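Novice: Taken in sequence, the protein lines are chains A and B.
Heads up: the first sequence begins at 35 in my numbering, then just goes up one per residue.
Heads up: the second sequence begins at 244 in my numbering, then just goes up one per residue.
These are computed hints drawn from the structure, not numbers from a lab.
The structure presented is a predicted model; accordingly, all values stated were derived computationally and were not measured.
Glycine included, each C-beta is placed from N, C-alpha and C at the ideal position.
Errors might be hidden in some of the hints.
[Said to hold, decoys possible] One side only, chain A facing chain B, incomplete, derived with CB under 7 Å: (1) Ile101; (2) Leu237; (3) Arg241; (4) Leu374; (5) Asp376; (6) Phe408; (7) Asp423.
[Claimed, not checked] With a cut-off of at most 30 Å between alpha-carbon atoms, the simulated BS3-like pairs for lysine-lysine come out as follows: (8) Lys460/A <-> Lys398/A; (9) Lys183/A <-> Lys307/A; (10) Lys540/A <-> Lys426/B; (11) Lys460/A <-> Lys426/B; (12) Lys426/B <-> Lys484/A; (13) Lys317/A <-> Lys347/A; (14) Lys460/A <-> Lys272/B; (15) Lys542/A <-> Lys387/A; (16) Lys426/B <-> Lys542/A; (17) Lys482/A <-> Lys426/B; (18) Lys39/A <-> Lys183/A; (19) Lys274/B <-> Lys437/A; (20) Lys274/B <-> Lys460/A; (21) Lys398/A <-> Lys426/B; (22) Lys100/A <-> Lys111/A; (23) Lys484/A <-> Lys300/A; (24) Lys239/A <-> Lys168/A; (25) Lys183/A <-> Lys168/A; (26) Lys111/A <-> Lys158/A; (27) Lys111/A <-> Lys128/A; (28) Lys460/A <-> Lys300/A; (29) Lys307/A <-> Lys290/A; (30) Lys387/A <-> Lys272/B.
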Amino acid sequence: MSSEKLLNVQNLRVLFNTRHGQTVAVENLSFSLAAGEVLGIVGESGSGKSVACYALLGLIPMPPGKIESGRALFHGKDLLQMPEAELRHVRGHKIAMIFQDPMTCLNPYMRIADQLIEVLLQHKNISKKDAREKSIAALIEVGIHDAEKRIDEYPHQFSGGMRQRVMIAMALLAEPELLIADEPTTALDVTVQAQILALIKSLQKNRNLAVIFITHDLGVAAQMADHMLVMEKGKLVEQGASEGIFKNPTQEYTKKLLSAVLTTAKPVASAAKLDEPPLLDVKHLQVGYASQAGTFFNRITRFARGVDDVSIKIQRGEIVGLVGESGSGKSTLGRSIIRLVDAQAGEVTFNGKDLLHLAADNLKAARRDVQMIFQDPYASLNPRMTVFDTLAEPLLVHGIATKATVLDQVNELMDDVGLDRRFIRKYPHEFSGGQRQRIAIARAIALKPKLIIADEPVSALDVTIRAQILALLLELTQKHNLTMLFISHDMSVVRYLCDRVVVMQKGKLVEEGETEQLFSAPQQEYTRQLLAAIPKL
Amino acid sequence: MSNISTENSLQKFEKGTSLTRDAIARLFKNKMAMAGLFVLLFMVAISLFTPWIAPYSYEEQNLDLGASAPSAAHWLGTDTLGRDQLTRIMYGSRISLMVGFIATAVALTIGVLWGAIAGYLGGRVDAVMMRIVDALYALPFTIFIILLTVIFGSSMLLLFLAIGAVEWLTMARIVRGQVISIKRQEFVEAAVSMGLSPWRIISRHLIPNVLGPVIVYTTLTIPSVILLESFLSFLGLGIQPPASSWGSLISGGVETMEEYPWLLIFPGLVLTVTLFSLNFLGDGLRDALDPRASKD
Numbered sequence: 035m036s037s038e039k040l041l042n043v044q045n046l047r048v049l050f051n052t053r054h055g056q057t058v059a060v061e062n063l064s065f066s067l068a069a070g071e072v073l074g075i076v077g078e079s080g081s082g083k084s085v086a087c088y089a090l091l092g093l094i095p096m097p098p099g100k101i102e103s104g105r106a107l108f109h110g111k112d113l114l115q116m117p118e119a120e121l122r123h124v125r126g127h128k129i130a131m132i133f134q135d136p137m138t139c140l141n142p143y144m145r146i147a148d149q150l151i152e153v154l155l156q157h158k159n160i161s162k163k164d165a166r167e168k169s170i171a172a173l174i175e176v177g178i179h180d181a182e183k184r185i186d187e188y189p190h191q192f193s194g195g196m197r198q199r200v201m202i203a204m205a206l207l208a209e210p211e212l213l214i215a216d217e218p219t220t221a222l223d224v225t226v227q228a229q230i231l232a233l234i235k236s237l238q239k240n241r242n243l244a245v246i247f248i249t250h251d252l253g254v255a256a257q258m259a260d261h262m263l264v265m266e267k268g269k270l271v272e273q274g275a276s277e278g279i280f281k282n283p284t285q286e287y288t289k290k291l292l293s294a295v296l297t298t299a300k301p302v303a304s305a306a307k308l309d310e311p312p313l314l315d316v317k318h319l320q321v322g323y324a325s326q327a328g329t330f331f332n333r334i335t336r337f338a339r340g341v342d343d344v345s346i347k348i349q350r351g352e353i354v355g356l357v358g359e360s361g362s363g364k365s366t367l368g369r370s371i372i373r374l375v376d377a378q379a380g381e382v383t384f385n386g387k388d389l390l391h392l393a394a395d396n397l398k399a400a401r402r403d404v405q406m407i408f409q410d411p412y413a414s415l416n417p418r419m420t421v422f423d424t425l426a427e428p429l430l431v432h433g434i435a436t437k438a439t440v441l442d443q444v445n446e447l448m449d450d451v452g453l454d455r456r457f458i459r460k461y462p463h464e465f466s467g468g469q470r471q472r473i474a475i476a477r478a479i480a481l482k483p484k485l486i487i488a489d490e491p492v493s494a495l496d497v498t499i500r501a502q503i504l505a506l507l508l509e510l511t512q513k514h515n516l517t518m519l520f521i522s523h524d525m526s527v528v529r530y531l532c533d534r535v536v537v538m539q540k541g542k543l544v545e546e547g548e549t550e551q552l553f554s555a556p557q558q559e560y561t562r563q564l565l566a567a568i569p570k571l
Numbered sequence: 244m245s246n247i248s249t250e251n252s253l254q255k256f257e258k259g260t261s262l263t264r265d266a267i268a269r270l271f272k273n274k275m276a277m278a279g280l281f282v283l284l285f286m287v288a289i290s291l292f293t294p295w296i297a298p299y300s301y302e303e304q305n306l307d308l309g310a311s312a313p314s315a316a317h318w319l320g321t322d323t324l325g326r327d328q329l330t331r332i333m334y335g336s337r338i339s340l341m342v343g344f345i346a347t348a349v350a351l352t353i354g355v356l357w358g359a360i361a362g363y364l365g366g367r368v369d370a371v372m373m374r375i376v377d378a379l380y381a382l383p384f385t386i387f388i389i390l391l392t393v394i395f396g397s398s399m400l401l402l403f404l405a406i407g408a409v410e411w412l413t414m415a416r417i418v419r420g421q422v423i424s425i426k427r428q429e430f431v432e433a434a435v436s437m438g439l440s441p442w443r444i445i446s447r448h449l450i451p452n453v454l455g456p457v458i459v460y461t462t463l464t465i466p467s468v469i470l471l472e473s474f475l476s477f478l479g480l481g482i483q484p485p486a487s488s489w490g491s492l493i494s495g496g497v498e499t500m501e502e503y504p505w506l507l508i509f510p511g512l513v514l515t516v517t518l519f520s521l522n523f524l525g526d527g528l529r530d531a532l533d534p535r536a537s538k539d
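With the rest of the complex left out, here is chain A (with noise of 0.2 Å):
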C-alpha cells in the first residue's frame, strides 16, 4: 500500500519474560515514515517509546525480551525477520542511531579521530587518509570549530553538548537515510540542548533524513516533529500530525501530558514577610574545590571557584529560585548553606546565627532547621531502610518523638505527602520514582524546617509526575510555613514555584528580581537566553 515509505512497521508487538510473567512492553504499533519526515514518539518512562525502536534495529536482549509478532519494513524488507549479518549492515549504514547520554557513549580511552575513522573504514571502502578527511570535514558540519586540531583529542575534552555534536557526527558518517535520536537532549543544558535542536533540524533538511525523534518532551516534540506518537505503557493512545495533536489532543492521556507543562504563573500568593529580618543572608560566599597534589606534609591545594561571591537573602515564607545551567555552581550554592561543602570566605546567617562557624553542637541543633531534599530519588533514600525506618530516624534522634509516638507522626508524614500508610514497611526500591520522591519530602519535613533546600528535586521524575510533586511541594510550603530555596535549571518549573528567582552562572550571580518580572523583562543577555531556551508548545 505504501511503497513510497521508507520504514513500515505493523502489529509490532514485544515481550519481557520477567520472574512476576510476562510483560508486555509494545503493544500493537504499527507507524510508518516517509524519507525526508520527522516522527516523534512521545512518552513517559516505562511508555516503551525507545523499546519500540530498538527491537527495530534488534538491539534488544533476547531473551528476556521477544518480539512476538509485527513486521517492520524498510524499503521493502522486514527488519525482523532479516539474519544478524545483513542487520549489522543496516545499523550503521542506513539506520544511525544517537542516545541520550553522550558521556557513555564515546569511549573514553580513544581519540575522537580513531573513533570516527573506525566507523567509516568498517562501512566503506575507503583508505584511512580519506576516512580522516570525511571525519573532519563531518565534525565541521556539526558545528565543532577547529575540527582539524580537535579531532586529535579525546572525549573528556569536549563538553557534554559538543560530545553529542560528536555522537551526531559519528552517526551521520555513514550516510544513513533514517536516524533515531533517543533522547538526545535530554542529559543537556537547557541552552546547548535548544541548539542541538537546531543542529538536527537543519542537518535533516539539508540531507532530506527521515528522523524518529524519542522524547519525553512535548516541547521538544512539538519543535522537532511534523508527525507524532503518543505512547501510555507499550499502547500508542494517539497520533498524529504535531499540529493537530497540541491544538486538539483527542485522548485524556495527551491532554494529560500537556497539561503537565507548565505554562502558568504560580498559582497563590508570595507568603513572604518582608517586615522581618530575612532567615537566611549570605554574603559574599566563595566556595572553591580542592584539588590536592604535592607530598603528604608538604600538601599543595588549588581551588577552583565553585561560587564566586554571591549573595543572596531569604524571607520567613518565600520560595526563592536558584536558576543556572550545569556547572554555575547553584547546587554548590544550596550544599555549602547546610554545610556538606566548606565554604572559603563569606557569610552565611540563619534565623541570626552564624551557620559557617558554629561548633559541632550547636551544628547539629541547625541542620534541624535546615533540610535538603535531593534530586535523584533512587539515591537519596537509604537502599536497606524501610520507609518506617527513614522518616523514623530523624524524629528520634532530635528527640521530637519517642518510641510511642513516632509511629503516629510517621503516620501523619505518610498523610502529609500523600502515601498510604500501609507502605510503612516496604523498601524504597519498591517504590515508583515520584513515591520515592515523596519519601523524600516527608524526610525533608520531619523535623519540621525553617528552610528547605530543594536541588532540582522535579528533574528526574516523568512530566505528569513532575506536576503532582510540584503542587505537593506548593501545598506543603502553604501548610507548613515553609521558606525555601528552590534549584532547578528548568525555568518553567521555577515560574510556577517561586516567589523570586536568582539567577547564576559560572558562579557568579547575573540576576535576579521578582518572578514574573524576570520573566517578562529580563535584563541580562544569559537570562534572555535561558528564558528562549524554553520549548513552546
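For chain A, the structure is supplied; the task is to place chain B on it using the hints.
Specialist: Chain B alone, transformed into the frame defined by chain A:
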C-alpha cells in the same frame, strides 16, 4: 479509613530494626542457607561434647597397630602412631572451629570499623590509617610470628592475635573502597544534613550497605584461617601434638598421602563440608540482608 487493619499489621515491627528482623525471616526461607547453618551447628555441637562422646582418648597411642585403614574399631582409620583418626578430627574441630570463628570475628570487627572510619572520614585520617594497613601488609608474616613466639612464648591467645593481626587488613581495604563509593550518594548527604552523628551514619547508613562483599569475604576467611593455624602450629605457635587441629591433620596427611591416603581424605572432607556450609550460609545471609535481592 483502613486504620484498624493498618494498626494491627504495624504492631509487629516496633521491636528491633526492621532490616535485621526481615533478614532473619528471609534467611529462614532459604533452604540451602538453612542446611548450611544446620551442618555448622552440628559440627559445633560435636566439638563441644567431644570429651564425652569421642571413642578414644586423644593421646592414646597404639604403636603395634600403626597406620591402619578404616575398620570397625577405628571408623576413619589410625595414624602412624596408631591414634584413632575420628577422635583426632573431633578434638581437632574444637581448635579449628574456635580459631576459625574467633579469629575471623576479630578480623571482621577491626577490619570493618577501620575501613569504614577511614573511608568515611577521608583526607589525612584516611591516609594515616591506610598507611598503617600498608605497613602491616609489608611486614613478613613468618618473621612476625617467630618474634611473637620468642617474646611471649606459645599460647592460644597469641594465636588469635597473630591471625587477627593479618586477616583484618584485607577486610579494611575492601570496606574502605566500598564506603568511599557510597559515601557520596545522596542518602548519606541527607543523613548528614539531618544532623546525625558520624558514628550513627557509619553504623546505620554505611555499614549495612557494604555487608554484601563483607559477608562473601568472611566466608572465604574462615577456611583460610583454619589452614593458617596449622602453619602457625608448625612454627611452634598454637597447638602441639598430641593435641590436634584440622589444619595439622591435613598437613600431616599430605606427608603420608601416598601410603595412607585416608589420613588426608577424611580431615580434608570435613574441612570441605564446613567450607560449603559456610558458603551457602554466607550467600543466604547476603541475599537476606539485601531487600532488593529477595523479593520475587
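Novice: Would you mind marking each hint as holding or not holding in the structure?
Specialist: Hint-by-hint comparison with the structure:
Annotation: interface hint on isoleucine 101/A violated; nearest CB of chain B at approximately 25 Å, more than 7 Å. Interface hint at leucine 237/A: violated, since its Cβ lies 38 Å from the closest Cβ of chain B, which is beyond the 7 Å cut-off. Against a cut-off of 7 Å between C-beta atoms, the interface hint on arginine 241/A is violated, since the closest Cβ of chain B lies about 43 Å away. Of the supplied interface hints, the one on leucine 374/A holds, with its beta-carbon coming within about 5 Å of a beta-carbon of chain B, less than 7 Å.
About 12 Å separates the beta-carbon of aspartate 376/A from the nearest beta-carbon of chain B, more than 7 Å, and the hint is not met. Satisfaction of the interface hint for phenylalanine 408/A is found here, the shortest Cβ-Cβ separation to chain B being roughly 4 Å, below the 7 Å cut-off. The interface hint given for aspartate 423/A holds, since its Cβ lies 6 Å from the closest Cβ of chain B, which is under the 7 Å cut-off. Distance restraint check for lysine 460/A and lysine 398/A: the Cα-Cα separation of roughly 29 Å lies within the 30 Å cut-off, and the hinted pair is therefore satisfied.
For the given pair, lysine 183/A sits about 56 Å from lysine 307/A by alpha-carbon distance, which is inconsistent with the 30 Å threshold. Between lysine 540/A and lysine 426/B, the direct Cα distance comes to roughly 27 Å. Compliance with the 30 Å bound is thereby established for this hinted pair. A hinted pair counts as satisfied when its Cα atoms are at most 30 Å apart, and lysine 460/A with lysine 426/B qualifies at roughly 23 Å. For a cut-off of 30 Å, the pair hint linking lysine 426/B to lysine 484/A stands: about 26 Å separates their Cα positions.
About 8 Å separates the Cα atoms of lysine 317/A and lysine 347/A, which keeps this hinted pair within 30 Å; it holds. Restraint check: the Cα-Cα separation between lysine 460/A and lysine 272/B comes to about 19 Å, which is no more than 30 Å; the hinted pair holds. Between the alpha carbons of lysine 542/A and lysine 387/A the distance comes to roughly 25 Å, so the proposed pair stays at or under 30 Å and holds. For a cut-off of 30 Å, the pair hint linking lysine 426/B to lysine 542/A stands: about 29 Å separates their Cα positions.
At most 30 Å may separate the alpha-carbon atoms for a hinted pair to count; lysine 482/A and lysine 426/B meet this at roughly 26 Å. Taking the CA atoms of lysine 39/A and lysine 183/A, the gap is near 41 Å; set against the 30 Å cutoff, the hint is violated. About 35 Å separates the Cα atoms of lysine 274/B and lysine 437/A, which puts this hinted pair outside 30 Å; it is violated. Taking the CA atoms of lysine 274/B and lysine 460/A, the gap is near 24 Å; set against the 30 Å cutoff, the hint holds.
Simply put, lysine 398/A and lysine 426/B have alpha-carbon atoms about 19 Å apart, close enough for the 30 Å limit, and the pair holds. For a cut-off of 30 Å, the pair hint linking lysine 100/A to lysine 111/A stands: about 20 Å separates their Cα positions. A threshold of 30 Å between alpha carbons decides the hint, and for lysine 484/A with lysine 300/A the separation of about 21 Å falls inside it, so the pair holds. A distance of roughly 20 Å separates the Cα atoms of lysine 239/A and lysine 168/A; the hinted pair therefore holds under the 30 Å criterion.
For the given pair, lysine 183/A sits about 14 Å from lysine 168/A by alpha-carbon distance, which is consistent with the 30 Å threshold. Distance check on the hinted pair: lysine 111/A and lysine 158/A sit about 22 Å apart at the alpha-carbon level, within 30 Å; holds. A threshold of 30 Å between alpha carbons decides the hint, and for lysine 111/A with lysine 128/A the separation of about 13 Å falls inside it, so the pair holds. Between lysine 460/A and lysine 300/A the CA atoms are separated by roughly 35 Å; this puts the pair beyond 30 Å, and the hint is violated.
Using a Cα cut-off of 30 Å, the hinted pair lysine 307/A and lysine 290/A is violated, with the two alpha carbons roughly 35 Å apart. Our distance criterion of 30 Å between C-alpha atoms is broken by lysine 387/A and lysine 272/B, whose separation comes to about 54 Å.
Hint compliance for this structure: hints 1, 2, 3, 5, 9, 18, 19, 28, 29 and 30 are not met, and every other hint is.
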